[in-house]
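Student: Okay, here's what each chain looks like letter by letter:
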Amino acid sequence: MHSEKRLQREALLRSSEWTTRRHFLKECRAGLGMMGLGSLLGSCDWLGSKANPSAGMATFDPVNPMAPRIPHFTPKAKSVIYLHMAGAPSQLELFDYKPELQKLDGQECPESFLQGKKFAFIRGVPKLLGTQASFRQHGESGLWISDLLPHFQTISDEVTVVKTVMTDQFNHGPAQLLMHCGSPRLGRPSMGSWVTYGLGSENGNLPGFIVLTSGGKNPDAGKSVWGSGFLPSVYQGVHCRSEGEPVLFLQDPEGMDRSLRKASIDAINEVNRVTYEEMGDPETLSRISQYEMAFKMQIAVPEVMNIHDEPAYIHELYGADPSVSSLANNILLSRKLVEKGVRFVQIYDWGWDTHGTGPDGALDIGLVNKCRKVDRAMTALILDLKQRGLLDDTLVVWGGEFGRTPMQENREGKQNPFRGRDHHSDAFCMWMAGGGIKKGFSYGQTDEIGYHAVEGKVSVYDIQATILNQLGFDHEKLTYEFQGRPFRLTDVHGTVIRDILA
Amino acid sequence: MISRRFWRLEMITALIMASILGYSFLISKPRVDFSTEVKPLLNRKCLSCHGGVRQRSGYSLLFREEALGKGESGRPAIVPGDPEGSELIRRLTASDPEERMPYHESPLAKEEVELLRRWVEEGASWGDNWSYTPIREIPPPTIRGWLWGLIPSVHSRWILNDVDRFVAAKQIEHGLEPSPEADKTALVRRLSLDLTGLPSSPALLQSFLQDNSPQAYERLVDRLMASPAFGERWTAMWLDIARYADTKGYERDDTRNIWRYRDWLIKAFNRDMPYDSFLVAQIAGDMLPKATDEQFIATAFHRNTMANDEGGTDNEEFRTAAVIDRVNTTWEGILGTTFACVQCHSHPYDPFRHQEYYQFMAFLNDTRDEDSYAEYPLLHEYKDVDSVRFQTLKRWLATQTSSEEAARVVQFLRTRQPAINSLRADAFVNSELSDSKWLVMRRESSSRLARVDLTGRSKLLIRYETKRDDGTLTFRIDSLQGPAIARVSLPETSQGFQHHEVSLSQTNGVHDVYIQYQSPSLTNPNENGIRFDWFHFYPGFPGKAQPGFDTAWATYWNLLNSRTVEQTPVMIQNPAEMHRPTHVFVKGSWLVPGEQVTADVPASLPPLPKGAPKDRFGLALWLTDPQNPLTARTYVNRIWEQLFGVGLSETLEDLGTQGAPPTHPELLDYLSWHFMHRDGWSLKKLLRRIVLSATYRQDARVPEEALQKDPANRWLARGARVRLTAEQVRDQALAISGLLSTKMYGKSVMPYQPEGIWLSPYNGRSWLKSAGEDQHRRAIYTFWKRTGPYPSAIAFDGTAREVCLSRRIRTNTPLQALTTLNDPVYLEAARHLIYRCQSQTGKRPDKVIETTYRAATGYGLTEQRRKALDRLFRSALAQFQQHPEKACGMIGLQDEHNEPVTAALVVVGNAILNLDEVLNKN
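Chains A and B supply the protein sequences, listed in that same order.
In terms of my numbering, the first sequence opens at residue 1 and continues consecutively.
In terms of my numbering, the second sequence opens at residue 1001 and continues consecutively.
Calculated directly from the structure, the hints in this document are not laboratory data.
Every residue gets a Cβ at the ideal spot worked out from N, C-alpha and C, and that includes glycine.
It is possible that part of the hints are untrue.
One-sided and incomplete, this derived list gives chain A residues near chain B with beta-carbon spacing under 7 Å [unchecked claim]:
#1 M166
#2 N171
#3 V271
#4 M279
#5 G358
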C-alpha cells in the first residue's frame, strides 16, 4: 500500500512537471527553475533517436534528466542502500556455518577441489581451515549467525541471507566491477547510474545517487564502480567525502559568505538573462537554473551530510561519532539520505581482504575488528529504518565481491603468518532486508565445507536482476543504446530470485 | 544580350515542361532504395529475431544470401521478382496469428508491406549503407537566385565557398535563411578557441579589428594555424580517441610513462602531418623501413590500453582484453563503426560476420606485449652521454659487422626485443610466477620456457635479481633430464634487476628449455632465491675478431645497464618464431578458442590494397587507402563536430545503419573526397575549407523562428554555440588571467587538486603538486589517472579514458557551476585577472570591471551588464569594508592586494569567469 501511494505521488509529480520545453523556458525566465540535477540540452536527438521505446518507460524530459520517472511495474522499493564490504568478507566466519570444516581443520585440501582451479594466491596443496568464529541459531527463523555479529543476531528475523552467490572473477577490481557494473572490465555504467537513469531523483536539491566510502581507501576498482560508463555523466554517483567538503568545491571561497555568494549568483544569472535575450540559446536558461541548483546544493548537501544534529540515542544506536569519519557515520548518513529522497546510496568500506599476511588481514584479529565496526551500525540501520516506516520501501543489500576459501592461504606455496583465506568465487554470502524481501529467510546451500554451492545457485547477475526488480524494473528492458546495441546492467544474463521475495 | 536571355528562358521553360511531363507520364515510381527504405524497415521490424544474434526458425535477414534462403519452413523467403512466391511477403499478411510476422507484434502498415512487395518485385537488390559506399567527388549544387540567376537571392549572395552551396541547398529545402556574419570580436574568439583551444590575445583581436582588407579573415586563420597552440588543441581531441592516460588502469592503476606519445601528437598536428601518414605511424610505425624513434613512439597509440597489475591476475586474459580494445578502438575511433558487437556474434545490423572480428584481430594480435609489469616492449631513448655512446657504437657496428648483425644489436638496444618475458615460464617445480608477474625460483627448483628456437643462438642474456651469491642455474633441453646446454653461477645483484650473459652449447632447432636452480645457502624451502625478468637467446655480440671489439662490447654493456634512458611502451611485431596464432573466440569468450584465422578485412569493405602484406603494416595501408569508405568520412565528420558541436552525422562513433544518417551526406562526401584527393589528407587545409565558409562565420544568435524550425541547428542557418570543453574551460581561465604557462611537452604535471582524490589500494603513489609554472600548464599536460581523474576535467564531461571515446556528451550540471565558482584554480585565476586589469587601467573599480569583462569576452559592457556587475561589486565592497578579515580571505594572502576594493573586484572577476558567454563559444 505504501508503495502504491508513492507511485501515485510520482505520477502526480511527473504530470505536474510535464511541461513543454517552451513552458519550462518561461518558468526559468521567471527564475523558478524547478530543475533536477542537470540538463542535457543539445542532446535531445540523443534521447529521441536512441532511447529504447521498448523500455516501456515514459519518455523523459531531456531538459530535466533527473525528473522522477515511473518504472516498468509497481515497485516494492523506492530506494536502495547497498553496503559493500570491499576486499570480500569471509562467509565462513559470518553466515555459512560449517561444523564439518571444523573437523577437517589442518588437513590437506583434497586434490579434487584443486583440479582445474585457479586461485589468486594459493599455490600447491593448501590445508583446510576450520571456522574461526562460533555460531548460534537465532530468532524464530533459526538463522545461523556468527558471534562476531552479536547485534546482527538480534535482527535475524528481518533479513534474507543468500548463501550461494557465485561470481566468475577472483580478483578484487574485476569482481567489484562485475558486481556493480555487470562486467569485469571498465566502461559500463554502475547499478546506481542505471537506477537513476531509470527512475530519476525525488529530491531536486540532492544528487540521486550518492556514494560514501570508508576504510581509508577507495574500492580496488576505483571510481568506475560508481561511474556512469556510457550513460550521460549526470547519472554518475556523486562521491560525498567524509572528510573535508562532502562534495568537491561545495564550499564558497574564504571570505565569501552566503549572502555574498547569493549576490554573486544573482549577478551571474542577471547577466546570463541578458545573454539569453541577445542570443536566444535555451542552454543559457538551463545554465541559469544549474547555478540556482548549485546554490541550493551548497545548503542541502552539508545539511544532510551533517550527523551532529542527530539525537544522542541515534548516535548510540549506530555507534556513530561525528568527530571522526567512519563506516558507522556513513551508515547513519545513508538513512538520512534515503529519508530525503536519494535513490541509491552506495557504501564502500575498504579493508575486508583477510589473507592472513598480517594482523589486519587475520581472521581472528582484523576480521573481528572490521565486524565490530559494521555490526552495530548495520543492525541499527535496519532498526532505524523500521521505526521510521522506511524499511518497507528501502532495500538494504550487504555483501562483498566474492567469498573466501575454506582453505588457509599459502601464498606462493608458503603458509601465511596469520590465519587467512584466499579469494573464492564459487560460493559466498550476501544478505538483503526490507524492500519486499522475505524476513528471516535463508536461501541456498553450500557443500559441507562451504566450497561449492549445491542448491539454489545465484549469480551476480541474479542479484542485480533482483535489485532492479524490487525497484520496478524488468532488468531485460532497462537498456541503453551504445556501440550499436542496447546494453543493460545484466548483460545477457540474470534471473530474478523469486524465492526470496516476500 | 537580350536575345541570349530570351533563349535561356525558352530553354528552361521547355526543360521544366519536359520534366513535369516526364515525371507524371513517362516515369512511374522510382525504384525502391534498399539502404534508405528497406534496410531501416528490416532493422526496425525484423532483425531483432532474424538477424546476427538470433536467427529464429533458422532465418536471417542480415546478408542477402541468407535472406534469399529457406527458413525451417522450407519455402524460399524471397524470390526476386516474384512477391507472390515469396514466403516473406505471404507471412506479412497471413491471417493465422501464428504465421503472421512480426510474430505476435502489431503487423506492418499497408504502405510498408507494399514497399517490401515492390522491392521484391524489382529484384530484391541489396545495397550498402551510405557509409560503406565509395567516396565520390560530388559537384556542389548550384544556388542560382531568382529568375534563373538574374536576381541574386539571400542564399546566392551569402555563399562564399562550396561548403556553403551544400548548406544553402538544405536551408532552402527546409525554408531557412542563413544568418549574417558574426561580428569581428565574436569571430576572433570563435576561431581562436576552435583552432588553438585558447581565447585570442587582446593583441590579435586589435590587429584583426583594425585590418579592413578583404584578406583580413584569411590572414587571421593562417596566423592561428601557425601557432604552436594549434597542435595542443587538436591533441586534446585525439587523446580521447587514443584513450591516453598516465596510469595503467584497474586496481593498482600504477603510473605509465607514455607522455612521449602525447608530445608526438602535438608535433604531428603542428607539422600538419597528413592524416594518412599520421595513422600509418600510429598503427604500424615500428614496421616502417628504418623506423625512427618518433615512428616507434607513434605506435604507443595502441599501447594506451589498460594493463592489470593486480596480484593473481591472468596476464593472458588482460593481454587479450587489450588486443580486443585495440580492435574496438581502431573501428570506433578511425572507422566510425561499432565493431564491438561482432566480438560475440555477427553484427546484428551491419554487414560484419563474427569470424571477421577475429580475422581483423589477427592484424593486431601478433605483437610482443604480454601485460608484463614493466610494459614491455619499451622503446629506449638514450640521453646525454649515452646517446653519443649509442651513435659511436652504431658507427662501429656499421663498419665492423654485417648489416644484419648491426641491425640486430641496434634493435635490441632500442627495444630489448626479442626477449622472452619470464611470465611465459611454466612447468613450475618449487617455482612460480610471483605476484603473477615474474618467474621466481626457490631451493632445488625448476621451470620451463616452452618452444625456444636455439638455432644459431650461442648466448643467453638474462635479466634477473637475487640476494644470493651461491645460486647456480642449469639449462637443459627437452626435459629435466635432457642434455645441459649451459651451467652458470649467478652473482648477487645490488640494485634491482641486472643482466648476465651465459654461453650456450651449440644446438639446432626448437626446444623446450628447462631451467634448474640451486642455492645451497637457501635453507628454507619456501624462500625465494631468484627472480627473473626476461631471457634473450641470441647469436651473441658480433665482431669479436674486429678491431675495437672490446670498447664496443663495453659500450653495449653500459647502454644495456643505463639508468637514465627514457622508456616508452611501443608496438613491436613478433618475430616468426614467436608468432601468435589468432582464434575465433566462441561467443566472444577468450577461454573458448575456436577455429584459427588469418588476418583479413571484412568482406563487405574493399580488400587490402594490392601488394599490401597481411599484417599490421598492411592494415595501416588499408585504413589509409582512398578506397576505404570510412576513414576520411569518420575524420571529416569528427572535425566538423569539433567546430559545430554536432557532426554532420551526429553519431561519430557509428556511421553504420544504426547510427544517425548525415544531415548533409553530399557535403560530407565532398569534404572527404577533397580531403584525400585534393588536400593530401591535410588537417589544416580541411579546416581552412570549413572555417572560411560563410556557414562557419554566421552569427550564433538564435532567431525565434529558427528555434521553432530547427531547434538543434542541424540545418546550419546560424553559427554554432557550444560550451567549451573541460580543457578549454581551464585553459581559458588561465589564459585571460595571464597565468597560463606556454611551456610545451614533457612529463605530465600535477597542478592543484583537492586532497583525497587518489586513493588506489596497493599503490604508494600520490599527487605531488608541481612547482612553478607547471602549476599553470595547459590541461593536456595534467596527469591523467584513470581511477582518479582530475576533478574539474570530469565535471566538464571528460572521461576516465578507460576506452576509446568518440564524443563527449555535453552536460550542464550544478557540479560544473560549483567547480568554476569554488575550485581554487578558478579563484586564483579571478585574482590574477583582476590584478592584471588593475595594473592596466588603474584603480578605478568601474574601469577595472570594464577591462576585466573585455578581457574575458572581447566586448565592452552593455548597460544592464554594467549594472548587474556593479551591484555585485558594491555589495561585496560593503561587506569587505565592514569585515576586512573577509577581504583577506578573498585575496588569500597578506599582500599589497589585500584591501576591500580589490577583494570586491575579485568577487566580480569570479562572477565574470562564470558567465554563460565566457563558458560558451559564441
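Student: Hints first: check each against the structure and report whether it holds.
Tutor: Here is how each hint holds up against the structure:
1. Interface restraint check for M166(A): the shortest CB-CB distance to chain B comes to about 16 Å, outside 7 Å, so the restraint is violated.
2. About 5 Å separates the beta-carbon of N171(A) from the nearest beta-carbon of chain B, less than 7 Å, and the hint is met.
3. Checking V271(A) against chain B: minimum C-beta separation of about 5 Å stays under 7 Å; hint holds.
4. Contact between M279(A) and chain B, as hinted, is supported at the beta carbon level, the nearest pair being about 5 Å apart and thus within 7 Å.
5. Of the supplied interface hints, the one on G358(A) is violated, with its beta-carbon coming no nearer than about 13 Å to a beta-carbon of chain B, more than 7 Å.
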